[in-house]
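Undergrad: Single-letter residue listing:
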Amino acid sequence: MDAGGERVSGFMEQLQLLHDEVKGRHDLSDVSERANELGRIGVELHIAYRDLMTRMMKEAHVHAGFSFAAAVDYQPLMAHMILSEFANVYNVPVSWMIALPHRIGVDPAFAYVEFLDEDLTKACFDKDGCATEMLYAAYLDGKADGRVDADEEFLFSRGEAAAMFSSMNAEMLASYASGKEMTPDEWVSHKFGDGSEDWSFPA
Amino acid sequence: MNADIHMKEQMGEDEYNGWLSSRALSAEQATVQLRVNAGGVLHVQVFNPETVFNRSYGFAEKFVVPSHVIDWLGTHEGEYLSFASGERVYIRPEVRLVSFEDGVQIYIGETDDGVNVAGAAGFILDVDSSKEKNGQLIDALTMSGLCDEGEGSRWMPEVSE
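Top to bottom, those sequences are chains P and U.
Position 43 of the first sequence, counting from 1, maps to 35 under our numbering, and the rest follow consecutively.
Position 7 of the second sequence, counting from 1, maps to 10 under our numbering, and the rest follow consecutively.
Chain U extracted, bound-state conformation (with noise of 0.2 Å):
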């Protein structure tokens, strides 16, 4: 398939529609999903309805991440459909960028506490944006509508005094 057109202008409605319920996808909106074993990376896919990036039905990419969060991805079963093939190893916890005064996170998963550590249940990292290829996934998924503004700057862990 056509990188860089949208893989609805190259499917029939019927195959388009049926390739979106196979993936429980919605035509009207983005989703991201994250491989659950990527060989010691993250992969990410983010489903664009109308936008190509890098892939016929969105954006992909590699990211190199802390072995906390591969660790994490590892204790999943794939729930989901990859975008690009048969293959059932993905899943869909809450993924935002947020965008602070000084600097860009990516919260993952459960947030509300204990994150970061062996055996959490989220996390929250910081995404360089002067990389490029972190500018790419910024630009996915603001126009996606998958970044939010944060208050202030951003999240820290607390120091014990």
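Okay, chain P solo, but in the shape it has when bound (with noise of 0.2 Å):
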């Protein structure tokens, strides 16, 4: 990413480069056909999701047929898909656009995405001091895909918790793995994919 000319390799300064390019409100129907299609559909999630939740607040005291409305959530779905378009539409990947502070707004009438004119550290650090997830997500794979510079390191501590549950994970991978004889890179890369297979799932 070059601003003025001059190459900026840092990631948080690519970052900030990407929320000073993108702020502001989108209305979907300007940002590509996709995007415009990914609104409706999530006007369509959002009615779907004020029915059911209606119909399980109105009937919870006769019976407890909709009670699995409590434990849904659309939003970060939504959010998801959505900011999947705008990822394409500014070449960079989802994480970078997830990790903006940002607000999406479906309703029949239209469908925006806003980026907040807010400083850049209030949405990407907890209260502590330590990176969100989503940070530490759209730095990896922004060294994945050759944007953060190879050399880079991640400056910032991550919480306690999302350190020791990755961790956990690893670990278990790591043994899983072995159990096959691959590494653990072998092993998500040949039980998820990685767009490299031969012969695929019909979908």
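It should be emphasised that the hints constitute simulated quantities derived from the structure, not laboratory data.
Since the structure is predicted, the reported quantities are computational estimates derived from the model, not experimental observations.
C-beta atoms are modelled at their ideal positions from N, C-alpha and C, and glycine is treated no differently.
The reader is advised that the hints may include incorrect statements.
Partner residues are not named here, just some residues of chain U that face chain P (Cβ under 10 Å, in silico) [stated by the list, open to error]:
1) G43
2) E64
3) K65
4) V67
5) V68
6) H71
7) V72
8) Q108
9) L128
10) V130
11) K134
12) K136
13) N137
Away from chain U, derived, C-beta distances all over 10 Å, residues of chain P [to be verified]:
14) S59
15) A63
16) F102
17) C122
18) M126
19) K135
20) D143
21) E152
Dock chain to chain to rebuild the complex, using the hints, since each chain is given by itself in its own frame.
TA: What follows is the structure, given as structure tokens:
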């Protein structure tokens, strides 16, 4: 990424530049045809969720048939869906878009994403000063696709619980992969695919 | 053995017939077999009685496929000898390449129902013909009489309404 002809290679500098570029409100109908389509799907999800919640609340004193609605949360799914299209448009990993402070509005009359005009550190660090896991994911995605220099280290602390969570998963994965005579990376690629399959399930 | 010359031209008649017999092959018919333990990939051997593709017996290649297929292969004991060695690590499920108007698919095993899921006895997979080694596989199976013309579009999983 370039700024006034000067190459900017630092991860946080690049994220800040992206934030400066996208800051403000974007009506999905103006972003791309796909974004507009996803906005309409978001509206449908929103309406379905509202109807489901209403029914659960209206009938909870009679039966528990719709009580599963209490566990439904469509918003992260919708955010990932819509921000993936923004990532396509701005040619960055989706984690970079999600890491930015944003608000998504869906309504039958309009659908938009607003990237908030606030300090990036507010969205990317918690009250203890630890980086959010999405910021860390953005850093790793940036390194994986080469936009962040290979020798740039992640300069921030991660939350203790999150670091422990990934550490435990890494140990389990290493043990399981070892049983299959594979490295962890090989097993993940084998199990979930990496786009390199010669033959694939039709979808 | 020279991979550019068919093995029947490199062996004496008795030796070739003995080789065919030990591999349970007919001198007139092409045969496909899959390795049960190829280290996370699918290893295909194709015996062609006349034509050399990349092996003196016909064709062989390794393919990266979904893990369900590898897991399924791993549930089998090897029944047939390798065409290239004395290892008995191959099986011969039904393997058909089917060419549709919108692409090519490979049918493996019992594909009448319940394909492509964990525990299935059969698989239907898209074969991306733009990849060089898939193109070689398609040529080998087609020239071995193991490719059918399908009607209409590729098989797709049903989506519940």
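Undergrad: Classify the label on P:C122 as holds or violated, using whether its beta-carbon is more than 10 Å from each beta-carbon of chain U.
TA: 36 Å, holds
Undergrad: Taking 10 Å as the limit, does the beta-carbon of U:H71 come near enough to a beta-carbon in chain P?
TA: Holds - the Cβ of U:H71 comes within 10 Å of chain P, reaching about 8 Å at its closest.
Undergrad: Is the nearest Cβ of chain U still more than 10 Å from the Cβ of P:E152?
TA: Check passes; 34 Å lies beyond 10 Å.
Undergrad: Close enough to count: is the Cβ of U:K134 nearer than 10 Å to one in chain P?
TA: 6 Å, holds
Undergrad: Given a cut of 10 Å on the nearest C-beta pair, is the interface hint for U:V72 held or broken against chain P?
TA: 8 Å, holds
Undergrad: Would the non-interface assignment of P:K135 survive a Cβ cutoff of 10 Å against chain U?
TA: 25 Å, holds
Undergrad: Are all C-beta atoms of chain U more than 10 Å from that of P:M126?
TA: 28 Å, holds
Undergrad: Mind checking the CB of U:V67 against every CB in chain P and telling me if the closest is under 10 Å?
TA: Holds: closest Cβ of chain P sits about 5 Å from U:V67, inside 10 Å.
Undergrad: Against chain P, with CB atoms and a cut of 10 Å, does the hint on U:L128 hold up?
TA: Given a least distance of 4 Å, the restraint on U:L128 holds.
Undergrad: Does U:Q108 pass the interface hint, meaning its C-beta sits closer than 10 Å to a C-beta of chain P?
TA: Cβ of U:Q108 sits 7 Å from chain P, so the hint holds.
Undergrad: Are U:G43 and chain P close enough, Cβ to Cβ, to be under 10 Å, as the hint says?
TA: 5 Å, holds
Undergrad: Can U:K136 be said to touch chain P, with a Cβ gap under 10 Å?
TA: 7 Å, holds
Hint check: no violations occur; every hint is consistent with the structure.
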